[in-house]
Amino acid sequence: EDQVTQSPEALRLQEGESSSLNCSYTVSGLRGLFWYRQDPGKGPEFLFTLYSAGEEKEKERLKATLTKKESFLHITAPKPEDSATYLCAVRNTGFQKLVFGTGTRLLVSP
Amino acid sequence: KAGVTQTPRYLIKTRGQQVTLSCSPISGHRSVSWYQQTPGQGLQFLFEYFSETQRNKGNFPGRFSGRQFSNSRSEMNVSTLELGDSALYLCASTPGDQETQYFGPGTRLLVL
Chain U
1 EDQVTQSPEA LRLQEGESSS LNCSYTVSGL RGLFWYRQDP GKGPEFLFTL
51 YSAGEEKEKE RLKATLTKKE SFLHITAPKP EDSATYLCAV RNTGFQKLVF
101 GTGTRLLVSP
Chain S
111 KAGVTQTPRY LIKTRGQQVT LSCSPISGHR SVSWYQQTPG QGLQFLFEYF
161 SETQRNKGNF PGRFSGRQFS NSRSEMNVST LELGDSALYL CASTPGDQET
211 QYFGPGTRLL VL
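Read top to bottom, the protein sequences are chains U and S. The first sequence lines up with residues 1 to 110 when you count with my numbering. The second sequence lines up with residues 111 to 222 when you count with my numbering.
Hint data in this document are derived by calculation from the structure and do not stem from the laboratory. Among these hints, one or two may not hold up.
[What the hints assert, rightly or not] The list that follows gives simulated cross-link-like pairs (lysine to any residue, SDA-like), each with its CA atoms no further than 25 Å apart:
hint, chain 1, residue 1, chain 2, residue 2
1, S, K167, U, G94
2, U, K69, U, E9
3, U, K42, S, V221
4, S, K111, U, L47
5, U, K42, S, N187
6, U, K69, U, T5
7, S, K111, U, T5
8, U, K42, S, T148
9, U, K42, S, G152
10, S, K111, U, G94
11, S, K111, U, E9
12, U, K68, S, V221
13, S, K123, S, G152
14, U, K42, S, L219
15, U, K42, S, K111
16, S, K167, U, T49
17, U, K42, S, L193
[Unchecked claim] Simulated DEER-style distance windows between Cβ atoms:
hint, chain 1, residue 1, chain 2, residue 2, range
18, U, S109, S, R125, 37 to 45 Å
19, U, S24, S, F179, 33 to 41 Å
20, U, T76, S, T190, 43 to 51 Å
Built from N, CA and C at the ideal position, the CB exists for glycine as well.
Please construct the entire structure, taking both the sequences and the accompanying hints into account.
Given below as structure tokens:
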């Protein structure tokens with residue numbers, strides 16, 4: 001069965017303090033790994049899709065990387081507006097459904 | 111392009127009632143998936159529709175059902191509501207030839 005584990009569960013950073021979020025996964029055949037950002041009471045907002053080990057994608061202060069067993073979301077010089085829950089999900093080659101991790105709650109203090 | 115829209119945004123029901131939630135995908139997207147999000151279980155897959163056909167189904171009881179119309183709009187129905195059905199119900203749409211799912215704002219259902 002496909003599984004996604006995210007760590008840490010919660011992370012508190014000072015503004016400008018860079019860090020990384022981890023997403024470990026097991027999947028029968030990886031079709032894609034997805035990162036989303038979710039603000040309280042809202043739907044997940046798409047950030048990145050990664051398809052194969054070694055792939056990297058960047059957007060503003062965020063950079064996502066992928067290996068055969070895990071993905072990292074690196075946050076460089078975060079700002080308070082980066083505070084949110086970051087969700088990781090995988091899709092296997094067979095089905096359209098996404099299997100989500102439980103997320104990392106990030107709080108960036110000014 | 112307009113995003114995924116879901117109606118209603120908030121709903122309060124009592125145990126035993128039934129509810130219907132609606133989702134309009136992004137224009138041109140033919141696949142619609144539904145998820146349930148709760149604090150304890152996170153995001154759980156309910157089902158996926160493509161061209162009016164259910165392609166995949168998650169591990170939810172038969173009280174949860176859905177359908178898709180020819181214009182790709184989708185509805186999900188929950189019958190005989192239970193307290194544990196209180197959750198944020200999210201709809202996501204996907205272009206037919208891509209992997210990424212784009213989520214709507216969700217419908218917050220509270221069962222009393």
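Would you mind confirming whether the straight-line C-alpha gap from K123(S) to G152(S) stays at or under 25 Å?
Since the Cα atoms of K123(S) and G152(S) sit roughly 22 Å apart, the hinted pair holds (cutoff 25 Å).
Problem - Hinted pair K42(U) and L219(S), Cα distance within 25 Å - result: 13 Å, holds
**Request:** Just tell me: holds or violated, for the beta carbon distance of T76(U) and T190(S) against 43 to 51 Å?
**Result:** 50 Å, holds
Given hint K111(S) paired with K42(U) - CA-CA distance at most 25 Å: 19 Å, holds
Starting from the hint 33 to 41 Å, judge whether the C-beta atoms of S24(U) and F179(S) obey it.
-> 39 Å, holds
**Request:** Kindly confirm whether 37 to 45 Å is satisfied by the beta carbon distance between S109(U) and R125(S).
**Result:** 42 Å, holds
Straight-line alpha-carbon gap K42(U) to V221(S), limit 25 Å: 19 Å, holds
Worksheet item: Are the Cα atoms of K167(S) and G94(U) separated by 25 Å or less?
Response: The hint holds at about 13 Å.
Taking only the CA atoms, is the gap from K42(U) to N187(S) under or equal to 25 Å? 21 Å, holds
Can the restraint linking K111(S) and T5(U) be considered satisfied, given a maximum Cα separation of 25 Å? 33 Å, violated
Take a quick look at whether K68(U) and V221(S) sit within 25 Å of each other, Cα to Cα. Violated: K68(U) and V221(S) sit about 42 Å apart, past 25 Å.
Pair hint K111(S) and G94(U), alpha-carbon separation not exceeding 25 Å:
29 Å, violated
Of the hints listed earlier, those the structure fails to meet are numbers 7, 10, 11, 12, in rising order.
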